[in-house]
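Enquirer: In order, the protein sequences belong to chains A and B.
Numbering of the first sequence is given in numbering that gives the first Met the number 0, commencing with residue 0 and proceeding in unit increments.
Numbering of the second sequence is given in numbering that gives the first Met the number 0, commencing with residue 0 and proceeding in unit increments.
If you're looking for bench data, these hints aren't it; they were derived computationally from the structure.
Be a bit skeptical, because a hint or two may be false.
Unchecked claim - Residues from chain A shown here face chain B by an in silico Cβ test under 10 Å; the list is partial:
id, residue
1, Ile5
2, Gln79
3, Ala82
4, Ile192
5, Arg222
6, Gly234
Said to hold, decoys possible - Covered stretches of chain B (chain A as the covering partner; in silico rule of three or more C-beta atoms under 8 Å from a C-beta of chain A):
id, stretch
7, 92–98
8, 101–112
9, 142–152
10, 225–232
Backbone N, C-alpha and C fix where the C-beta goes; we use that ideal spot for every residue, glycine too.
Number of protein chains: 2
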Amino acid sequence: MDNSKIGHHISEQFNRELEDIRNKVLTMGGLVEQQIELAIEAYTTGNMEMAELVIKQDNQVDTLEMEIDMECTQIIALRQPTAFDLRLLITVIKIIHEIERVGDKAERIAEMAIQLSGSESKLPHHELEHMADLVKDMLHDALDAFARMSVEEVPAITALDENVDREYDNILRQLITRMMEDPRNITRTLDVIWTVRALERIGDHACYICEHLVYMVKGEDVRHLSQSELEKKVGVVK
Amino acid sequence: MDNSKIGHHISEQFNRELEDIRNKVLTMGGLVEQQIELAIEAYTTGNMEMAELVIKQDNQVDTLEMEIDMECTQIIALRQPTAFDLRLLITVIKIIHEIERVGDKAERIAEMAIQLSGSESKLPHHELEHMADLVKDMLHDALDAFARMSVEEVPAITALDENVDREYDNILRQLITRMMEDPRNITRTLDVIWTVRALERIGDHACYICEHLVYMVKGEDVRHLSQSELEKKVGVVK
Chain A
0 MDNSKIGHHI SEQFNRELED IRNKVLTMGG LVEQQIELAI EAYTTGNMEM
50 AELVIKQDNQ VDTLEMEIDM ECTQIIALRQ PTAFDLRLLI TVIKIIHEIE
100 RVGDKAERIA EMAIQLSGSE SKLPHHELEH MADLVKDMLH DALDAFARMS
150 VEEVPAITAL DENVDREYDN ILRQLITRMM EDPRNITRTL DVIWTVRALE
200 RIGDHACYIC EHLVYMVKGE DVRHLSQSEL EKKVGVVK
Chain B
0 MDNSKIGHHI SEQFNRELED IRNKVLTMGG LVEQQIELAI EAYTTGNMEM
50 AELVIKQDNQ VDTLEMEIDM ECTQIIALRQ PTAFDLRLLI TVIKIIHEIE
100 RVGDKAERIA EMAIQLSGSE SKLPHHELEH MADLVKDMLH DALDAFARMS
150 VEEVPAITAL DENVDREYDN ILRQLITRMM EDPRNITRTL DVIWTVRALE
200 RIGDHACYIC EHLVYMVKGE DVRHLSQSEL EKKVGVVK
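Isolated chain A, as found in the complex:
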């Protein structure tokens, strides 16, 4: 782990505070990654205890967000940081908000797992698991890039969102066909659609985390850029 950017302060106490915040963000991220994993497993296996656990974990995620948020604000007030340190603290506030929204999506998937339990129409498992793996990877890599304070991997992560969108379109098409073939299953199939949509949104949030990270490290706002514009800004040579 590259601590060069965090561990450079004359005040040991300030170093520790920033390090503590970074660790808490990673704890929060890890928790949400676990939520996604459990939610998808609950969905595919019908394990309702797992689904309930995901819903319970959401409180922990919310509490962590509020804690980190408060700590960042307090540090800004007491230490009056500028330049990179200030960007770091403001970016953390934004990133934890994205992580919290990812947690909400995982909770939603768990709720759909409960709603669909015992149902035969909750397929396609295989495609759904594949899509879940994709967005989990995106989120994991985004958090890893944050931990290393490095933007090098960012374009590779955001590029994956196109695959996620493609998977989403594929699954949606299958589900529409299924609804047409068996209209009695429309309500349940809609629940599957909410699940797939929640996954698709997790991919978006992973991209947002990447954008915040670029701002933190490079001081440049790269939100709302296209993939190729982003690659130029971050300095990727293909």
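Once you've looked at the hints, dock chain B against the given chain A.
Expert: This is chain B only, laid out in the frame that chain A set:
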């Protein structure tokens, strides 16, 4: 407009900076309110120019978000505010993010209006307009409360979200019935569902703005509270 909280600084320049930021937030909010209005009108009347305008306006909204965000960060770095002023600036960064996401939802509705143009299945107009009115009111009142830096109205605004959710459930039930009756229209009806869902999410974002506002004014984090807990915190006596 109550300027007491903003206009109390010894530095005239600082007062002007904060005032300028508040005005920009309100401009951004007004733009997004207009986007919702135009998007719904495009949807109900089939006016495609209007829909295109909403999509174009999204760039303006994004630019405003980035501008305000940068100004807030610069003021924090230069003025090193504490207490209320710091909370104000950090809250503005959060609030403009919610406004930007509302703009995205309006854009989505405009896209659906384009997709559904010429289609007969895009009803029910009446219910949709009613729901749109509800969430527009919520957003408007939330921005108004921000302009006045007052949390008094917050519980009344967030209480409306229950009505929005009820409307959403009603419309969804109608749309499911329609899909069952005429499975050939499933794809188009799904586009209507996305529209209704975007409206429902706008209501959520209005609630988030309210929560951020309570933190700004009272210094208390009221996210993730139930409506009755929120009322207690904000001090509403029924």
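Enquirer: With chain B as the partner, please determine if A:Gly234 meets the hint condition of a C-beta pair closer than 10 Å.
Expert: For A:Gly234, the interface hint is violated, since the closest Cβ of chain B sits about 20 Å away, which is over 10 Å.
Enquirer: Checking hints one by one. Is A:Ile192 an interface residue toward chain B, by the C-beta closer than 10 Å rule?
Expert: This interface hint holds because 8 Å falls under the 10 Å limit.
Enquirer: Could you check if A:Ile5 really has its C-beta closer than 10 Å to a C-beta on chain B?
Expert: violated (18 Å)
Enquirer: So is the stretch 142–152 of chain B in contact with chain A by the C-beta rule, three or more residues under 8 Å, or is the coverage claim wrong?
Expert: Coverage by chain A is violated for the stretch 142–152 of chain B (0 residues, Cβ < 8 Å).
Enquirer: Take the stretch 101–112 of chain B, compare each residue's beta carbon with every beta carbon of chain A, and decide whether three or more fall closer than 8 Å.
Expert: Violated, because only 0 residues of the stretch 101–112 of chain B bring their Cβ atoms closer than 8 Å to Cβ atoms of chain A.
Enquirer: Is the interface hint satisfied for A:Gln79? The criterion is a beta-carbon contact with chain B at less than 10 Å.
Expert: holds (4 Å)
Enquirer: Closer than 8 Å, Cβ to Cβ, for at least three residues: run that test on the stretch 92–98 of chain B against chain A and report holds or violated.
Expert: Holds: 3 residues of the stretch 92–98 of chain B have a Cβ under 8 Å from chain A.
Enquirer: Using 10 Å as the Cβ threshold, decide whether A:Arg222 counts as touching chain B.
Expert: holds (7 Å)
Enquirer: Holds or violated: is there a CB of chain B closer than 10 Å to the CB of A:Ala82?
Expert: holds (7 Å)
Enquirer: Quick check: do three or more residues in the stretch 225–232 of chain B have a beta carbon closer than 8 Å to a beta carbon of chain A?
Expert: violated (count 0)
Checked against the numbered hints above, the structure violates hints 1, 6, 8, 9 and 10; every other hint is satisfied.
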